[in-house]
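**Student:** Given next are the chains, with one letter for each unit.
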Amino acid sequence: MPRLAVTRREFMRISAALGGGLLIGIQLDNRARADAADAATAAAADGMFTPNVWLTITPDDVVSIRVASSEMGQGVMTALPMLIAEELDADWDTVRAEFAPINPAYANPIFGRQQTGGSTAIRGYWHTLREAGAVGREVLLTAAAQTWGVAVESCHAERGQVSHGNSGRSLRYGALARRAAGLPVPESVFLKEPSQFTLLGRAMPRLDIPAKVDGSAGFGSDVKLPGLLTATVARCPVFGGSVGKVNDKRARSVAGVRKVVVISSGIAVVADHFWAARQGREALEIDWNPGPAARLDSATITARLAERADSGTVGRNDGDAERALASANRRLEAVYEVPYLAHACMEPMNCTADVRTDSCDIWVATQAQTSVHQTAMRLTGLPADKVRVHTTYLGGGFGRRGEQDFVIDAIETSRAVGAPVKVLWTREDDIQHDFYRPATYNRLAAALDKQGMPVAWRHRIAGPSISQRDATARETSGSDFSATEGALNLPYAIPNILVSYARVNSAVPVGYWRSVASSQNAFITECFLDEVAAAGGKDPYALRRALLGEQARLRAVLDLAAAKADWGSPAAAGRFRGIAVAESFRSYVAQVAEVSIAGGQPRVHRVVCAIDCGMTVNPDTIAAQMESAIVFGLTAALKGEISIADGRVVQSNFHDYPLLGFDECPDIEVYIVPSEADPGGVGEPGTPPIAPAVANAVFAATGNPVRRLPIRL
Amino acid sequence: MIRLLVNDQEHELTADPAMPLLWVLRDLLGLTGTKYGCGISLCGACTVLADGEPVRSCTTPLSKVSGKKITTIEGLPKDRSHPVQQAWIEEQVPQCGYCQSGQILSAVALLARKPRPSDADVDQAMSGVLCRCGTYPRIRRAIRRAASIAEKDA
Chain E
18 MPRLAVTRRE FMRISAALGG GLLIGIQLDN RARADAADAA TAAAADGMFT PNVWLTITPD
78 DVVSIRVASS EMGQGVMTAL PMLIAEELDA DWDTVRAEFA PINPAYANPI FGRQQTGGST
138 AIRGYWHTLR EAGAVGREVL LTAAAQTWGV AVESCHAERG QVSHGNSGRS LRYGALARRA
198 AGLPVPESVF LKEPSQFTLL GRAMPRLDIP AKVDGSAGFG SDVKLPGLLT ATVARCPVFG
258 GSVGKVNDKR ARSVAGVRKV VVISSGIAVV ADHFWAARQG REALEIDWNP GPAARLDSAT
318 ITARLAERAD SGTVGRNDGD AERALASANR RLEAVYEVPY LAHACMEPMN CTADVRTDSC
378 DIWVATQAQT SVHQTAMRLT GLPADKVRVH TTYLGGGFGR RGEQDFVIDA IETSRAVGAP
438 VKVLWTREDD IQHDFYRPAT YNRLAAALDK QGMPVAWRHR IAGPSISQRD ATARETSGSD
498 FSATEGALNL PYAIPNILVS YARVNSAVPV GYWRSVASSQ NAFITECFLD EVAAAGGKDP
558 YALRRALLGE QARLRAVLDL AAAKADWGSP AAAGRFRGIA VAESFRSYVA QVAEVSIAGG
618 QPRVHRVVCA IDCGMTVNPD TIAAQMESAI VFGLTAALKG EISIADGRVV QSNFHDYPLL
678 GFDECPDIEV YIVPSEADPG GVGEPGTPPI APAVANAVFA ATGNPVRRLP IRL
Chain D
40 MIRLLVNDQE HELTADPAMP LLWVLRDLLG LTGTKYGCGI SLCGACTVLA DGEPVRSCTT
100 PLSKVSGKKI TTIEGLPKDR SHPVQQAWIE EQVPQCGYCQ SGQILSAVAL LARKPRPSDA
160 DVDQAMSGVL CRCGTYPRIR RAIRRAASIA EKDA
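Which chain is which? The protein sequence lines are E and D, in order.
When you line the first sequence up against my numbering, it's residues 18 to 730, in that order.
When you line the second sequence up against my numbering, it's residues 40 to 193, in that order.
Bound conformation, chain E alone (with noise of 0.2 Å):
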């Protein structure tokens, strides 16, 4: 039976498009602006004038479905439309998607903010594109029965048309757009249960790819105005540092350079086009002044961890850790690093704007609108309604594009110089001013009993936290999400566990990079969970099923991966063999690498992948967000590393923080368990257990343990 969904009428609105179409929005009243993420975001909503609008359907057929998210790879600019035309019943063959603009109805519900990250598109939405959905397959029956004076009940939604059993009849829902727009939200709904959908579930071509493949999609850097400028920001390489003296003589005479300015974030040469500004700005003569951090290296910020890492607030505290590991049959103890990364997207950091005294536009590839426009009405001055931000295709996004420093580069730059102006940043820039995905310290401790089965895990972090990553204040907590996700939910059932953070912050900025601390800690609790197993005398993989007696949807895709890789039977010559699990986002992962070790470094030949991700949308996308999250997890496994010297990054293109190229690519399986769960994230918790798969293989053949990334033997 389908399930009666009921309306949440203040929300929902419907009204006429421009030429007889049909319109299906949201209606913000007082109650969705209280409910509105921040008092800044509320206030946005007030002097606002947008449609508001989740889907139209003109005369012509074609229904344009507007998406909230950002399309940064991960193909939402495919599956937020499949729910609406899921419930809609719409042909999808006449489905448009486009960019939703900025406005406060477009939130994602998980944060009440528009923002795309923590692989929350779908688990947000799910409800409320469904709703919108299901609200215009409503209306569009009863403007079909109310057109050929029927009972609604006698008439049937089918791929894009309303049909009268009895009659033979049909329309279009183009030719019923007009009538319907006219008809009130209805107060209740159906949504379709699971067996009924035609859409969702099955593998449907993305929307964007065509664009992807002629030249025609348009990213941020790809943005044209008329009289449009380019800019480039030289920074001090220093974090922290400032501009002292500048002589900007040499830069100004280069041919085509108009400007150079003063920002925040450094000096900016401004000019006809990128060429002349890259000119200018290595022209510039700056000195700068250095700051605090001067002196800054990777050695001394690894001390302090070390030093902080006994001193964490507990997090998690099953049991008695401390006093089983003081009476244990057998110990063991571990020390596991991480290093500093970069996102380091294909596409640059780069923003346009242009800001003028009564108006402020920015197009960008940007993964949080509802920061773009705060930041925008902060430094402009300019109340909301003022401020329209333009969201493009981002190359690559990966939670670096969440942030605002290239958004206030562009601004005021803008500003300055009085036109609009698209700041481009070199990929030295990108490499060396990232917020770096921390690089952390753990001191991990287990006790066995006689028969080899772990009694007590401890898990001391040190590193910096990203939530509170302006934090001075000594005050730690035990469970700040961005530095012990994927270390306090050890999923095994250990009696004694426990689980500390000592939050260590230093001059080095650090940012959500995907799938955030699962990132390291599932590296750091699935490598040293192999060491427990091999101390033990116990199969990796067995005694991960042991310890997920309570787990069933880890153990299924564990028992999943393990079984699609051949776990039981002895791997090729020369080639070994290395499980992980990870949950994160909701999602469920397993992954089994295949390793050969040759010339001193190891080889992955294929990595079997197994995930529980609830409903499925787009099957496709799952697959490829598998490979994507497993490809980008491998770099960070086998060669990334950002090391600091002298207050500055030491890396700064791609022959120093090289990424995993084609001829290094593993074959990637992908396997789903079908689910009727809640949807899961799907971008990031592919990440995870990459590492930690290829660290175990390594282990599996040379029976050194990898305690550090990335791998070196």
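It is possible that part of the hints are untrue.
Claimed, not checked - Each pair of labels, with its calculated beta carbon distance range: (1) E:Lys241 <-> D:Asp118: 19 to 25 Å; (2) D:Glu190 <-> E:Pro691: 36 to 42 Å; (3) D:Thr98 <-> E:Ile127: 40 to 46 Å.
Unchecked claim - A few chain E residues facing chain D, derived, Cβ under 7 Å: (4) Ala234; (5) Gly412; (6) Gly413; (7) Glu644.
Everything labelled a hint here was simulated from the structure, so no lab data went into it.
Heads up, the beta-carbon is just placed ideally off N, CA and C, and yes, glycines get one too.
Once you've looked at the hints, dock chain D against the given chain E.
**Tutor:** Just chain D, lined up with the frame of chain E:
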């Protein structure tokens, strides 16, 4: 005045002969399908074809390509009917899409030279073009598919 032939269109430019072709294409001609990724020939996002050969436009000065036939992603059929474009759609290759112009043109050049490339040929042709989204497995499949589409078309 420098003459440049891009996608069968002749352009006469007054520009610094040292200006990299990438910025000529993007900022002077408005052909933004070619992307900036690293600026030093390490990532391949800026790959275009010069007389059918893949070149890194970010380090190719304008003076070096005057008189050569330049093909950018915009020079492939508008209806996306090139076997490589068809295969890219059928295999659902792109994710964020930013590197794909360089990937596609590298594949176009490979298949023009070797209509039935071996795995080693594909590795050699494609290894210099980085993809942060990890579309490599699909690229490999798509190149095989493009080769068979082209064979059928021939």
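**Student:** What hints, given by number in increasing order, does this structure fail?
**Tutor:** none
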